[in-house]
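S.K.: Single-letter residue listing:
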Amino acid sequence: MEVGVNFVGTAPRARSAKASILPLELKGVSFSVAGERLIGEIFCRLESGTRTVILGPNGAGKSLLLRLCHGLLQPSSGEVFWRGADGLDPTRCQAMVFQRPVMLRRSAAANVDYALALRKIPRSERGDIVREVLDQTGLARFAGQAARTLSFGEQQKLALARAWALKPQVLFLDEPTASLDPAATRAVEQIVAAIHAAGTKIIMTTHDLGQARRLADEILFLHKGRLIERGPAERFFTAPETAAARAFISGELLW
Amino acid sequence: MTDFGAAFAAAFRLVVTLDANLVEIVLLSLRVSLGAVAIATLIGMPLGAIVALFRFPGRTGAVVVLNALMGLPPVVVGLIVYLLLSRAGPLGVLGLLFTPTAMVIAQVILVTPIIAALTRQVIDDLWGEYAEQLRSLGAGPAQALPTLLWDGRFTLLIAVLAGFGRASAEVGAVMIVGGNIDHVTRVMTTAIALEVSKGDLALALGLGLILIALSLGINGTAYVLKGAAQWRSV
Ligand SMILES: Nc1ncnc2c1ncn2[C@@H]1O[C@H](COP(=O)(O)OP(=O)(O)OP(=O)(O)O)[C@@H](O)[C@H]1O
Ligand SMILES: [Mg+2]
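Here the protein sequences come in this chain order: A and B. Residue numbers for the first sequence follow numbering that gives the first Met the number 0, beginning at 0 and rising by one. Residue numbers for the second sequence follow numbering that gives the first Met the number 0, beginning at 0 and rising by one.
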């Protein structure tokens with residue numbers, strides 16, 4: 000029986016046989032600060048395999064919801080439940096790319112290596128994994144460069160490489176392409192697609208509708224902290240059910 | 000005015016002749032102060048980082064005490080160490096009173112709170128920026144501690160320099176526990192105090208100028224080294 004997130008060699012797809020911590024179930028999750036409810040009561044269940052995109056205007060609560068799911072915030076009420084966890088430590092099976100990723104003051108390669116070391120991957124295996132993910136994200140030539148001297152787009156790719164190196168079952172991405180140029184946006188979307196193709200569940204936020212159309216299998220539409228619409232991406236974009244979603248899609252939703 | 004002219008002349012004469020007494024005093028000063036700062040760094044940095052990163056009962060009090068201890072009066076510390084190390088004191092058997100070791104001990108007590116308090120603030124700020132990212136990667140406070148000390152290394156240099164400033168400038172503690180014994184425990188500050196009491200103000204001021212120059216030299220070196228290292232690792 001396999002336990003934890005042990006790497007079998009460095010093969011990126013060696014994980015398929017492993018038990019999944021998914022589905023993720025939110026059982027009436029809410030989050031309040033000083034009595035003000037920022038996240039409504041959210042009930043939903045996220046299955047493995049699909050790419051879930053959380054859409055909503057600025058301040059809708061997308062980042063908060065991701066943090067709650069990832070375990071960085073404790074819900075004020077309700078529960079974030081990994082139905083498949085069954086003995087697995089869910090926190091070790093997830094990774095997150097933040098809206099503003101933090102790079103450590105060391106080389107790009109060392110940033111990836113650091114994440115692997117925290118997951119107790121043996122030193123002898125880390126070098127190969129680091130090289131592999133830097134290659135896959137087109138960062139090989141920056142391996143030795145101080146991470147903080149990389150451009151914003153390169154840092155975003157490095158954050159993806161660092162997350163990918165952990166071979167998470169679930170990857171959370173918080174607006175991974177906000178303020179990137181179109182080419183860098185494409186590159187990041189391709190990396191996300193590759194990570195997904197390798198078997199990782201994607202849960203990401205964006206307010207870029209084009210990106211949502213390109214990447215989403217399923218949309219969660221958040222408005223003022225509430226999950227007001229949810230469904231397959233195609234249906235959401237062609238036949239939105241709520242007035243707010245219709246307004247958002249046509250670019251008219253005001254906060 | 001003539002005092003200042005004479006002081007520069009005295010300082011100049013001492014330096015160019017490489018006065019043996021002066022060299023001895025300068026070397027002992029550096030040994031005591033740098034030694035104390037090194038030890039205080041080893042204690043103070045982890046201590047400050049622990050207070051910054053871990054939540055424990057009485058933490059707020061610990062922060063206030065740490066900040067307050069930055070202002071420990073050197074004479075009081077000297078007196079306490081004196082009482083501990085004197086023949087009748089609990090550590091009297093060690094026979095450390097009036098030795099450079101006693102001076103180092105006193106300065107470690109003076110400098111550790113400075114380095115710990117400044118480190119706490121630096122690490123606190125850094126943790127605010129890093130916390131979510133590190134927690135997401137699976138690091139708790141214990142794993143974050145060495146990471147943040149390393150990432151804050153350029154800012155933390157100022158804590159070490161502040162500690163060195165305190166150690167090299169204080170006279171009260173080293174005077175009491177060292178005794179200003181010629182060729183044994185005489186350092187720059189105690190030598191200055193002695194010359195002042197003897198009335199040789201020019202020599203005292205000359206020594207003072209050399210002390211300031213030393214401090215400038217150490218800080219300048221640190222700054223240049225920092226610049227060189229930072230350029231490579233941002
Ligand atoms: N710690 C906090 N204290 C008080 N209010 C908060 C806190 N964190 C978030 N908020 C508020 O909660 C709301 C949702 O914030 P969140 O960052 O989740 O928005 P978002 O949907 O990610 O927006 P954006 O698209 O701009 O990133 C905002 O109005 C924000 O001001
Ligand atoms: Mg956000």
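A couple of the hints might just be wrong.
Stated by the list, open to error - Label pairs and their computed distance ranges (CB to CB):
| # | chain 1 | residue 1 | chain 2 | residue 2 | range |
| --- | --- | --- | --- | --- | --- |
| 1 | A | 75 | B | 61 | 22 to 32 Å |
| 2 | B | 45 | A | 75 | 28 to 38 Å |
| 3 | B | 66 | A | 75 | 28 to 38 Å |
| 4 | A | 137 | B | 26 | 52 to 62 Å |
Claimed, not checked - Here are a few chain A residues that sit away from chain B, every Cβ distance over 12 Å (derived from the structure):
| # | residue |
| --- | --- |
| 5 | 74 |
| 6 | 130 |
| 7 | 142 |
In short, the hints are calculated from the structure, not lab data. Glycine residues also receive a C-beta, built at the ideal position from the N, C-alpha and C atoms.
S.K.: Take the hints in turn and mark each one as holding or not.
M.R.: How the hints compare with the structure:
no., hint, verdict
1, 75(A) - 61(B): 22 to 32 Å, "holds (30 Å)"
2, 45(B) - 75(A): 28 to 38 Å, "holds (35 Å)"
3, 66(B) - 75(A): 28 to 38 Å, "holds (34 Å)"
4, 137(A) - 26(B): 52 to 62 Å, "holds (55 Å)"
5, 74, "holds (16 Å)"
6, 130, "holds (19 Å)"
7, 142, "holds (14 Å)"
Consistency note: the structure conflicts with none of the earlier hints.
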